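A.B. asks: For reference, the chains in residue letters:
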Amino acid sequence: MKRESVSAGLYLLALLSAGWMLLPAAKHQPQKIDTTPAPALRVEPAKEGDVTGKTVAAAKAFLATLDDARRAKVSLAFNGEQKTRWSNFPAGMYPRNGLRWGDLSAAQREAALKLLATTLSRQGLQKVKEIMEGDEVLKTSESGRGGRAGGPNFGRDEYYLAFLGTPSLTEPWLIQFGGHHLAINVTIVGKSNVLTPSLPAAQPAIYKLNGETVRPLGRENDKSFALINSLDAAQQKQAILNYQMNDLVLGPGEDGKTIQPEGIKASALNAAQQQMLLDLAHEWVGILNGEAAAAKMAEIKANLPETWFAWSGPTTNGSAAYFRIQGPTLLIEYSPQRLRGGSGLDTNHIHTIYRDPTNDYGERLVKR
Amino acid sequence: MKRLLACCLCAFAFRATAAAHVLDEYVQAARIALAPGGASVELRMTPGVEVAGRVFRLIDVNGDGQISPAEEQAYARRVLQDITLEVDGLHTPLALTVAEFPSRREMSEGVGAIRLGLTAEADLGAAGGHQLSFRNNHLPELGVYLVNALVPAESEIKISGQERDPLQREMRLSFHVNRADRRGPWPWAGVLVLCLCLALLFPLWKPLRQYLRRRDDERIQAKNPFS
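The listed protein sequences correspond, in order, to chains A and B. Residue numbering for the first sequence is 1 to 368, as defined by the numbering used here. Residue numbering for the second sequence is 1 to 227, as defined by the numbering used here.
In case anyone wonders, no lab produced these hints; they're calculated from the structure. What you are looking at is a predicted structure, and each value in this text was computed from that prediction instead of being measured. The reader is advised that the hints may include incorrect statements.
To be verified - Calculated pairs, BS3-like style, for lysine-lysine (alpha carbon to alpha carbon, straight line, at most 27 angstroms):
hint, chain 1, residue 1, chain 2, residue 2
1, A, K129, A, K114
2, A, K301, B, K158
3, A, K367, A, K54
4, B, K158, A, K265
5, A, K237, B, K158
6, A, K191, A, K83
7, A, K367, A, K60
8, A, K129, A, K83
9, A, K237, A, K301
The following block holds chain B by itself, in its conformation from the complex (with noise of 0.2 angstroms):
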């Protein structure tokens, strides 16, 4: 889990600035980053000056011309239903790790990035051959896709296969983990632990039992003497 949030975090580093400017379209980039704990996605959606009034009333759900914090993340909910993960086929819920949204003024000048962080956690340090499919829903009325996967940071994780649609709205990813034992040393620290103490008892144990029967049968004999 350290390990993705790392890997989000690194998504988020560096911040975009500023980016292309379609100006009649909502572009939506996503950056996939795989780890052994899960998946991350970083979001980056940059209305068009023709479309940020559109999108701007969407997120601006009271109409009163600002976005509230809590807008921000209604909005950012609503982006995250229309995305779907599935890793080896079974579908693996996201959970939204970062929303940053521009100034209104950056958005009506189409200039502003929407951007969000997305993690899901999934065991994909397995070793062997896994899958992972990726779609966005998102106002797909306006929008333009683009989906990518970063290299991955773990060097035992190698994707060997990209396989998008025509519009980039959905991706699969094949990769393949080689790692013979992804348990760790930690069971084997147990085993370890547990034979020394055992090695070490296992001497003591006779003359131990001899001690506490013959203290047993003294006590027995102080309680009557006569026997």
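Bound-form chain A, shown alone (with noise of 0.2 angstroms):
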């Protein structure tokens, strides 16, 4: 008797054991959420009179110019190294593959921006051509060392476009545009576009062009501060950083990373504050065609309670101050930039970036 009950102890200590087990191999599952990879969007096929499809159009217009020597040095592989080597440097300092802006016949460069037309918003495009013609500017400025022998090209002439993959309805492809302070991704897949990564920057940020004063940045620039402004004291505490910022943190070559967020959450702020702080992002969001922006401008405000917005230095216009907002699906930064011999970060040398954590070049479309 005494036998059967130390055996059955053992017995049920051994299936205490086993259940015990179990319990924390359950819980030892770990539960990836924040870094996971977000799953594959659905794709909706493209049709001939949507934006995908007037953007294939003026694409497949754009190829007709060109003869095959041509054709062939714009036309790269959708999955290959070129996707992700685009840079804020000037074009002689970092050389861009496709097609150079300046090598393109009077013909080409229509047709060549009836495209960015097709797949920009009016003002998204002239953001681009201020950027451009900023680099003119510069050339021509002491800063832009332009016409040294032997230095970077700067100015409008050294801006690529090149297309990765085949204009298509059904799919992938991508076009790339950019040079100095410019860096255009444009991944279309079906009916979505994608407009992650980017890059706007702006050197000079104020010039004048016919009389007129641009600003490629100002909007950007002014609804920032106006949002900053708004904040109360305690909101203020939360949003303003202690430390400065010399540079993006996710630049161009810093794919695929996920930083811990920072500043005030898009929840602390009050309906008014909410709509300041879409409306700056819209600034980045909108440089897309409009179907494609409101597209992603919806899924920002869906996200709104999770967005973060931080802000590094002082708060008059006019300052030099960094800011970052940083959502599920979001990440821009705005950063002004130091010049030769300055004494501190500069108004007048913007880098930003805008970027899609979970869908840069269209990853989640791409991934079906």
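Put the two chains together into one complex; each comes in its own frame, and the hints tell you how they fit.
C.D. replies: What follows is the structure, given as structure tokens:
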């Protein structure tokens, strides 16, 4: 009897061990939330009359203006290295692939501009032109080192257009356009158009053209100062970082990374402030055509409670200040840079970046 | 350790091709990733065009105008000595896992980034609150700094606070691990096997002893048939 009791006890202990073993095993399954790749998005087929259809037609019209050699030069593989080979550097320092703007004929430029006008919004195309014209100003300025033998090339001719993949209503392809202070990456998959990652920047950030003052990133600057100054003292205490920001955190080459957010959460803003934050984000989102931008803004609005706004620097408009908007599907950074020999950040040299950590290069649309 | 290495490799999966162009400073950007087995630090160091020569001469110790693999390693070790990491107040040594250097041309044009991968083994997975402190003391007379934490890949690690000095040379991360028992199920598997063996053997123990005693008696009797 005693022997049976001891055996039964041991069996019970073994059973309890098994249970205890399985319980923590279940607990230990890591719940990957923040960095798990987001699920694939459903791709709606494009039609000839929608934005993708018009963009495909404009891209084919541009290709039709080229001879075979140039057509080969502008056409690159969708999944090749070129996808991530973009930069804020001047073309002389960072060689681009594709066709150089300065090498295009008048008819080819017209076709290329028509393509950009179709895929971008009116204000987006205007921004692109202003950035390019700014580089033309820089070319002839002292700080641009323009014209020096062996120096980097500046100016509106030093921008490059490339197609990654073949313009298509169904298959993924990408329009890449950029040069100094500009990188536009529009991935097109069916009806969906994605602008991330893109880098609109400016130097000079203010200049005169035909007697008019031009500020390529002026609205971004003014709206950000209006937002930070709409916050009360307690809100500003949360939003303003105690350290200086000298550069973009997730600039070119920093794909696929998500940094820990900081600043104030949009859920701590009132309705008017939230709207100001959305308007500010729209300055980047709205570079793309209206249809795609509206879809992206709806997504950003839905994620607004989990979106953060951070600021570094003075709050008086006209000062050099950095800000970041970061949400589940959004990262925008605005970063004034130092100029050579300058003692601090300069409002006349701005870098910005626009990313979607879940869908850069249309990643979620491509992985069908 | 595997997860730590994976984390480090992930950080380098997307090699920077070109970043900013600060001209007269040495931009040193650090990204810190936390994992249960430790921390990894990715350093992207870009000397601006006007200080690139000075940084190049620091690396090119023998002055032959080329950076040899030995000089790369020596410079990377120098940077390593200038970085300090503490976990829960204890100094935690960093090991160099990746060292990538740009070409001389890229560096002289101010577009080349030196990328170093560092890892520190530490038990960051123990349940509760922790702190990690990072400091970059490398070439402060030239350097401008950025330091950021990546969102941890393991959801049980939650960063609860980030503090930096105004120059971003130093960062203190507070984080919390929501894990009840990270020893895992395997110690209990041993107990399970032991108990099952004992439970199976225990009923056989008495007959086995009786058998062995009877066999000994038979041997003794065989040796001494008159006893």
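A.B. asks: Does each hint fit the structure? Answer for all of them.
C.D. replies: Against the structure, the hints:
1. K129/A x K114/A: Roughly 13 angstroms separates the two Cα atoms, so the pair holds.
2. K301/A x K158/B: With Cα atoms ~25 angstroms apart, K301/A and K158/B stay inside 27 angstroms; holds.
3. K367/A x K54/A: 24 angstroms, holds
4. K158/B x K265/A: Given that 27 angstroms is the threshold and the Cα spacing comes to 17 angstroms, the pair holds.
5. K237/A x K158/B: 23 angstroms, holds
6. K191/A x K83/A: Within the cut-off at roughly 20 angstroms; holds.
7. K367/A x K60/A: 25 angstroms, holds
8. K129/A x K83/A: 23 angstroms, holds
9. K237/A x K301/A: Within the cut-off at roughly 24 angstroms; holds.
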